[in-house]
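Engineer: Model the full structure from these sequences, guided by the hints.
Protein chains: 2
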Amino acid sequence: MRMMPASEFSLQRQVEYGSEEQNRSVKSIIESVRLEGDAALRRFAQQFDGVAVGELRVSEAEIEAAYAQVDESFLAAIRGAAANIRRFHEKQKRTSWMDLQPDGSILGQVMRPLKRVGLYVPGGKAAYPSSVLMNAIPAQVAGVPEIVMVTPPATAGVEGIDPHILVAAAEAGVREIYRVGGAQAVAALAYGTESIPAADKIVGPGNIYVALAKRYVFGVVDIDSIAGPSEIVVLADDTADAAYVAADLLSQAEHDEMASAILVTPSQQLAQAVAAEVARQLESLPKRDIAAQSIRDNGAILTVASLEEGVRVVNQLAPEHLEILVADPFQYLSAIENAGAIFLGPYSSEPVGDYFAGPNHVLPTNGTARFSSPLNVDHFMKKSSVIYYSKEALLQNGEQIIALAQHEGLEAHARAIQIRLQKEGNARG
Amino acid sequence: MRMMPASEFSLQRQVEYGSEEQNRSVKSIIESVRLEGDAALRRFAQQFDGVAVGELRVSEAEIEAAYAQVDESFLAAIRGAAANIRRFHEKQKRTSWMDLQPDGSILGQVMRPLKRVGLYVPGGKAAYPSSVLMNAIPAQVAGVPEIVMVTPPATAGVEGIDPHILVAAAEAGVREIYRVGGAQAVAALAYGTESIPAADKIVGPGNIYVALAKRYVFGVVDIDSIAGPSEIVVLADDTADAAYVAADLLSQAEHDEMASAILVTPSQQLAQAVAAEVARQLESLPKRDIAAQSIRDNGAILTVASLEEGVRVVNQLAPEHLEILVADPFQYLSAIENAGAIFLGPYSSEPVGDYFAGPNHVLPTNGTARFSSPLNVDHFMKKSSVIYYSKEALLQNGEQIIALAQHEGLEAHARAIQIRLQKEGNARG
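Chains A and B, in that order, are what the protein sequence lines are.
Numbered by full-length UniProt numbering, the letters in the first sequence go through residues 1 to 429 in order.
Numbered by full-length UniProt numbering, the letters in the second sequence go through residues 1 to 429 in order.
Hints are computed from structural coordinates only; laboratory data are not their basis.
Be aware that a few hints might be false.
Put simply, identical chains are the same to the list, so a pair is met inside one copy or across any two.
Only pairs whose alpha carbons sit at most 27 Å apart, straight line, appear in this in silico DSS-like list of lysine-lysine [as the list claims (entries may be wrong)]:
hint	residue 1	residue 2
1	Lys91	Lys287
2	Lys287	Lys423
3	Lys91	Lys27
4	Lys91	Lys391
5	Lys91	Lys115
6	Lys423	Lys115
7	Lys93	Lys115
8	Lys287	Lys125
Structural biologist: Structure, rendered in structure tokens:
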């Protein structure tokens, strides 16, 4: 694992726009679905997934049957995770509020759930039951009445929809599930087809075609952020257990070759020990080829003069996941400006958050923790401003409103106030 | 003004992607600024604005001088509006929270302001001081330490930066202002130049080039939503004053020919009276050509059987601005699902909210009120999840976490937990 002073390290980030060919293809798929509806969905399923889809919608019987195909320990773990995720997201709920003014006016914000949300779930080996929970439960907690899932009818080597995915969906309260994947699924959720009503927002991970399609329909519907490769930064001092640090770095590295795992430490001793542990633990990993390449290309041990410098480096990296394994981790919490999820202390290994503790595992990647947040209940709600102006307030402030409107050359705005002042002012006098 | 049953009306909406030529031009401008920095900004100012820019940054002396160029009543109105906007947005602030679990774990959400926000202000006649307040104050209330404004050095017929804009900026606490506009300004805010440090988010209205540039850099930085033409829907019964309704419809129609003004009413009598009033009031408007075309092309009076049907029509239209002028307007508030700002009662004319009451006038257009919100303090904050897992929690839940990780084929995730259970479990025993 390469080791260097943090000052010599720089991270290249690139927003993924896809090739011209990929963009053209996605645009054409979306337009086909928009014009032809279900017929296009069936044609693309045949063309891309090699499947002649019968019923687009997964039946209740299929969902029930899925329960018989998963084992007890899986079901118990999913239920435990779902309860924790629900509990954490319930704390985020906000209520509408009113501000009563002395002049009788009432101003406020109304908070409402979105009406219909579409959840994309990739097919095959990229289908993670934990992601189904993490995407669906915040929408459910927000009060979204219609949560719908789309997932490919099959993927290379995998026939049909994984029963674990169906069970996770059902446990998260999702029972409207369609066999459709790729850019065509995104198009169906954005524009609607005969079988699939249009949604207000599309969330969930996918391949480059899904990501480009989401970018394309953004504005017609809302989308979540486009996820980049997964990242972890561990900030540790010499109180940290090198074996824990190495195991946590590798749990990130096994995701894919583009994943990034970085240790930031003022301890030369820890740096050496972690490098040795990474090499040792890597040997026996099932995904050692992926993890080894990730560590080689995108991993690093960055040495710093102090934990304070370490915090500055962390803020520049703006990692998706940050672990702080130092003597008193809460001491540094206030100084962390940019991080998706912050794991404090030796027992808060990243998989605790990936699967079970309750906070969301859908996190800002690629440095976007500078301005983005973990997926949360707010992402499934919208606000409306409420303005109930009193007659007294209008008479009191009307002239100032007119002055501003006239300054901006918007005379009809001014007159909408003037006409009221004339009538109501007289009525008062 | 055309009049029809609501059931016969349909609204065509189109997301604006710009022409290929415009997209190519924007991409090329952005790449030039990214590679050449300030030199490109100066070249484009010469090319597009016809200005040889000296200092890019507006000096403190210029800002002070601007105060001498605006009149007292403008300054008083701006200060009144700013105070109201600040008060309303202060109510939106949220605090970080912690959830202490019985097993000693602590879960939470940390709320932090973005570090640096860029505000785009168009030049010339599209430069609205009210928009400066509406964009800058929520960022200021959120606690953003660096709020920076960019605006073209000149526009057709307008020399330099309007002093009213400089005063509005200063009143909103913005004193870092650069003379740069168009796609090149967006590029400077996204990537930074020698003179202009990169921002984390770009907000504010602009022409098609600005909108395309924002769409392009989205992901490198955050952006606000792309604004479409302005819209108003008035839901009224026969208690409404036809002259007020007409004046409010026209205040929307004067914005531009694409603006949309729609009355929804169960009252034939009101429908007729408003049509007559619109025609009458239109005559004497300075912007009557624009307003007349807007009313002709995008205006409508939609008749409905009942206010309940009217509410359904409103929810389908999902207007940016909604006025409810009925006998008891709060009676319908709960049923309104989609609207950016809701104005209740006869004294809540839309300009009250455009300028003065306090709620934001940057609102979701083009039907996006289905999933978007008025600009607010949350748009300038980000969240981080906090996970402090206790040893007890890890020993208690470790096996379930391992089961889920192994089910997903992520063995390194499982081992990061196992290695701790082995060490800590033994230490306990």
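Engineer: Going back to the hint list, which numbers does this structure go against?
Structural biologist: 1, 3 and 6
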